[in-house]
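**Student:** Go ahead and model the full structure; you've got the sequences and the hints to work with.
In order, the protein sequences belong to chains A and B. So the first sequence is numbered by the numbering used here: it starts at 4 and just counts up by one. So the second sequence is numbered by the numbering used here: it starts at 4 and just counts up by one.
Any given hint might turn out to be false.
Copies of the same chain are indistinguishable here, so a pair counts whether it falls within one copy or spans any two.
What the hints assert, rightly or not - Within a straight-line C-alpha distance of at most 25 Å, the following computed SDA-like cross-link-like pairs (lysine to any residue) qualify:
| id | residue 1 | residue 2 |
| --- | --- | --- |
| 1 | K119 | Q196 |
| 2 | K119 | E199 |
| 3 | K119 | G360 |
| 4 | K366 | S330 |
| 5 | K366 | N309 |
If you're looking for bench data, these hints aren't it; they were derived computationally from the structure.
2 protein chains.
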Amino acid sequence: MRAELVTIGTELLLGQIVNTNAAALAARLTQVGLDCYYVTTVGDNWTRLAEVLAQALGRSDVVITSGGLGPTQDDLTREVAAAVLGVPLEERPELWEAIQAYFRATGREAPEANRKQAFLPQGAEPIPNPVGTAPGFWVERNGKILIAVPGVPREMEWMVDHVILPRLARLAPEPLHSRVLRFTGLGESHLEQALEDLIRHQGRVTVAPYASPGEVRIRLSVRAATEAEAQSLLAPVEEAILERVGRYCFSRENEPLEVVVGRMLRERQLTLGVAESCTGGLIGHRLTSVPGSSAYFLGSLVTYANSAKEQILGVPAAILETHGAVSRETALAMAQGARDRLGAACGLAVTGIAGPGGATPTKPVGLVYVSATVGERAWVEEHRFQGDRGSIQARSAQAALDLLRRALLEGEGFPGRGVERTGGQV
Amino acid sequence: MRAELVTIGTELLLGQIVNTNAAALAARLTQVGLDCYYVTTVGDNWTRLAEVLAQALGRSDVVITSGGLGPTQDDLTREVAAAVLGVPLEERPELWEAIQAYFRATGREAPEANRKQAFLPQGAEPIPNPVGTAPGFWVERNGKILIAVPGVPREMEWMVDHVILPRLARLAPEPLHSRVLRFTGLGESHLEQALEDLIRHQGRVTVAPYASPGEVRIRLSVRAATEAEAQSLLAPVEEAILERVGRYCFSRENEPLEVVVGRMLRERQLTLGVAESCTGGLIGHRLTSVPGSSAYFLGSLVTYANSAKEQILGVPAAILETHGAVSRETALAMAQGARDRLGAACGLAVTGIAGPGGATPTKPVGLVYVSATVGERAWVEEHRFQGDRGSIQARSAQAALDLLRRALLEGEGFPGRGVERTGGQV
Numbered sequence: 004m005r006a007e008l009v010t011i012g013t014e015l016l017l018g019q020i021v022n023t024n025a026a027a028l029a030a031r032l033t034q035v036g037l038d039c040y041y042v043t044t045v046g047d048n049w050t051r052l053a054e055v056l057a058q059a060l061g062r063s064d065v066v067i068t069s070g071g072l073g074p075t076q077d078d079l080t081r082e083v084a085a086a087v088l089g090v091p092l093e094e095r096p097e098l099w100e101a102i103q104a105y106f107r108a109t110g111r112e113a114p115e116a117n118r119k120q121a122f123l124p125q126g127a128e129p130i131p132n133p134v135g136t137a138p139g140f141w142v143e144r145n146g147k148i149l150i151a152v153p154g155v156p157r158e159m160e161w162m163v164d165h166v167i168l169p170r171l172a173r174l175a176p177e178p179l180h181s182r183v184l185r186f187t188g189l190g191e192s193h194l195e196q197a198l199e200d201l202i203r204h205q206g207r208v209t210v211a212p213y214a215s216p217g218e219v220r221i222r223l224s225v226r227a228a229t230e231a232e233a234q235s236l237l238a239p240v241e242e243a244i245l246e247r248v249g250r251y252c253f254s255r256e257n258e259p260l261e262v263v264v265g266r267m268l269r270e271r272q273l274t275l276g277v278a279e280s281c282t283g284g285l286i287g288h289r290l291t292s293v294p295g296s297s298a299y300f301l302g303s304l305v306t307y308a309n310s311a312k313e314q315i316l317g318v319p320a321a322i323l324e325t326h327g328a329v330s331r332e333t334a335l336a337m338a339q340g341a342r343d344r345l346g347a348a349c350g351l352a353v354t355g356i357a358g359p360g361g362a363t364p365t366k367p368v369g370l371v372y373v374s375a376t377v378g379e380r381a382w383v384e385e386h387r388f389q390g391d392r393g394s395i396q397a398r399s400a401q402a403a404l405d406l407l408r409r410a411l412l413e414g415e416g417f418p419g420r421g422v423e424r425t426g427g428q429v
Numbered sequence: 004m005r006a007e008l009v010t011i012g013t014e015l016l017l018g019q020i021v022n023t024n025a026a027a028l029a030a031r032l033t034q035v036g037l038d039c040y041y042v043t044t045v046g047d048n049w050t051r052l053a054e055v056l057a058q059a060l061g062r063s064d065v066v067i068t069s070g071g072l073g074p075t076q077d078d079l080t081r082e083v084a085a086a087v088l089g090v091p092l093e094e095r096p097e098l099w100e101a102i103q104a105y106f107r108a109t110g111r112e113a114p115e116a117n118r119k120q121a122f123l124p125q126g127a128e129p130i131p132n133p134v135g136t137a138p139g140f141w142v143e144r145n146g147k148i149l150i151a152v153p154g155v156p157r158e159m160e161w162m163v164d165h166v167i168l169p170r171l172a173r174l175a176p177e178p179l180h181s182r183v184l185r186f187t188g189l190g191e192s193h194l195e196q197a198l199e200d201l202i203r204h205q206g207r208v209t210v211a212p213y214a215s216p217g218e219v220r221i222r223l224s225v226r227a228a229t230e231a232e233a234q235s236l237l238a239p240v241e242e243a244i245l246e247r248v249g250r251y252c253f254s255r256e257n258e259p260l261e262v263v264v265g266r267m268l269r270e271r272q273l274t275l276g277v278a279e280s281c282t283g284g285l286i287g288h289r290l291t292s293v294p295g296s297s298a299y300f301l302g303s304l305v306t307y308a309n310s311a312k313e314q315i316l317g318v319p320a321a322i323l324e325t326h327g328a329v330s331r332e333t334a335l336a337m338a339q340g341a342r343d344r345l346g347a348a349c350g351l352a353v354t355g356i357a358g359p360g361g362a363t364p365t366k367p368v369g370l371v372y373v374s375a376t377v378g379e380r381a382w383v384e385e386h387r388f389q390g391d392r393g394s395i396q397a398r399s400a401q402a403a404l405d406l407l408r409r410a411l412l413e414g415e416g417f418p419g420r421g422v423e424r425t426g427g428q429v
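**Tutor:** Printed below as a string of structure tokens:
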């Protein structure tokens with residue numbers, strides 16, 4: 004089955020936004036074993052959108068469009084899809100009711116403009132949108148499937164994950180089964196070097212590494228008729244990888260670090276207090292992006308100013324004066340301060356120089372200390388990160404969360420990869 | 004002049020990387036006044052790449068390809084471009100010498116595989132690549148221009164900025180000038196309703212709204228020979244818009260809210276202390292994403308647990324018991340606590356229910372209070388947001404930052420759009 008994507012929006016053609024939907028959609032099609040051969044981006048223009056849609060339906064079995072489902076005059080996907088399919092647009096009263104209910108829930112009245120979102124090409128099935136106003140649709144005609152989703156990533160992703168992928172998966176011949184292992188603490192090229200022979204001599208299982216700041220993922224995938232067959236093919240390759248680089252692997256289930264660490268805290272019935280400096284709140288933001296995190300996350304004290312490190316966290320002025328705010332000693336005192344001030348079982352802290360300013364001859368941009376305390380034990384690590392401000396902040400948050408993960412494991416005999424144990428109070 | 008982009012690479016079709024090149028190239032074409040009508044992504048496949056290139060050269064004046072210029076067997080752009088143009092590939096000895104010199108400079112010998120990078124379609128001018136090995140090329144035939152650049156972003160950007168844009172700028176008739184106004188506090192459809200006639204009856208100036216969570220942008224654009232002419236055309240349209248919805252506009256320079264608020268604090272020589280609950284650190288993260296924010300941002304106290312609200316922020320237990328953690332009164336006490344505990348001039352706080360859990364019969368998911376204090380004055384607002392956890396967190400952070408923006412303006416006589424002023428201590 005051939006699939007292709009049409010991403011719609013003049014702002015994409017002006018380069019005002021990056022087309023993240025294309026990658027998000029393409030990755031999901033791959034997951035269910037559909038080959039995506041083309042992605043076309045076109046603006047909010049009747050003629051060109053019709054041209055692109057007609058071409059796509061001519062050469063592919065499944066066409067997914069994103070964008071152009073909003074309430075404005077620019078939004079043309081419904082009208083053009085109907086025209087290309089040769090069917091009229093029809094109003095669906097139940098959709099207009101759902102849109103009105105969506106607005107009412109926020110204490111507003113639905114503008115009349117949104118009524119156009121209740122129109123669909125004849126024969127189309129609506130795809131519900133619980134996170135926005137624009138319904139999507141799925142329509143089959145002449146052996147082809149046309150699926151339209153909104154351009155807002157959150158709305159698109161909800162529809163694809165909850166409605167579209169499960170249906171498409173049933174259409175693919177041998178679905179692709181994959182498993183994603185997530186690693187931190189080593190670079191992509193080092194990981195690739197360690198696994199070179201596995202990547203080069205691939206059998207039925209494809210081994211593909213890909214990197215983002217502070218993280219490398221390895222996707223193992225195989226086409227197989229059943230989940231059980233896929234597992235029996237994936238398992239030996241996964242074991243071979245983990246034998247070599249398993250100590251850098253924080254998830255075998257494609258989970259982000261905040262989910263892994265959150266689960267570990269919950270299982271151990273431990274609570275966490277965080278102190279952040281150069282990450283500015285990113286660690287707290289990541290931890291609280293997980294529903295239910297209030298069970299273990301008590302708070303994060305973002306102490307940007309030195310005075311806040313003293314007054315809020317109780318970092319002794321002598322430590323700040325002698326060693327500076329970006330130091331091993333301050334990181335430790337921050338972790339202990341967060342733990343004690345928030346009344347938590349564990350403390351986690353980060354202090355560093357995210358740049359572009361703030362460097363000194365001995366303390367360059369990218370110098371970052373992370374520290375964790377679990378009960379009476381304490382750990383601290385020094386890092387030297389490369390990159391711009393955002394990238395250093397992202398890597399620092401990742402390093403801090405990973406230190407806590409290893410600290411929690413070490414209490415159970417995990418070999419603590421280069422962690423300097425300072426043992427108790429400083 | 005019509006331009007279009009062809010981005011080449013199977014990894015793009017698998018969704019393994021996001022196509023940032025498309026946005027980077029498109030934004031640059033817009034800068035020099037070229038209209039980009041299509042972006043097509045195609046894999047490393049001879050037949051499909053040839054099909055896409057032939058179509059692009061058929062309908063556009065300028066076609067820019069990125070990717071497929073590397074040394075591996077997958078890299079087909081040179082060969083396919085020559086075939087589609089109907090000319091042979093020719094070796095350029097000077098290019099092979101430059102590639103060998105590039106490797107020598109890093110102490111390595113050029114692999115024989117890289118020799119294929121020295122071949123170009125007959126009649127093509129090479130585009131030098133001082134930051135990598137793959138030369139690009141520029142070829143004109145039958146009144147069309149085909150330009151090929153590497154897929155590696157920094158190599159692509161070097162060629163475009165140093166060689167390609169200056170040449171294309173001389174071909175474009177009138178460059179596009181645009182201006183982006185950013186709004187918060189009203190939805191896309193309400194904004195469009197207020198501006199309907201301006202959007203419908205567009206003259207030379209194009210007015211286009213687009214939305215993201217908690218924000219709507221309006222892009223005004225016009226073709227004009229000079230910056231001064233563009234300004235004289237844009238200014239009256241901008242004024243007409245601001246007359247109607249100016250109180251929702253936080254930037255006329257396409258800046259995010261954290262940059263606007265940061266500048267306002269800096270100009271007024273005020274410092275800020277933040278207290279966050281349901282946003283979990285997102286406000287601190289946004290404020291500290293701005294370089295130099297340490298000049299005004301002292302810290303953010305993320306008090307997730309009620310005990311932390313009491314102990315860290317000094318919210319009276321009686322307020323938490325009587326009104327609950329998600330209440331007008333707690334929000335105010337949090338803003339005052341953050342200000343006082345961090346020793347700041349201003350305080351900002353948010354408390355709410357991000358969901359999916361935590362709702363009560365009287366307090367639904369999405370109920371959020373934001374509060375700001377500037378000196379002795381205090382403001383508080385109630386919001387009811389829709390969406391999932393991430394979307395409610397994003398909207399809450401945006402609402403809090405915007406409240407602070409309006410509070411800072413109100414001190415200077417700005418009409419405070421529905422802000423409930425509570426006046427001093429509660």
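**Student:** Now tell me, hint by hint, if it's right for this structure.
**Tutor:** Each hint, compared with the structure:
1. K119 <-> Q196: Classified as between: cross-chain Cα gap 14 Å, same-chain 55 Å, threshold 25 Å.
2. K119 <-> E199: For K119 and E199, only the inter-copy Cα distance (15 Å) is at most 25 Å; the intra-copy one is 54 Å.
3. K119 <-> G360: neither (50 Å within a copy, 33 Å between copies)
4. K366 <-> S330: within (9 Å within a copy, 44 Å between copies)
5. K366 <-> N309: For K366 and N309, only the intra-copy Cα distance (17 Å) is at most 25 Å; the inter-copy one is 38 Å.
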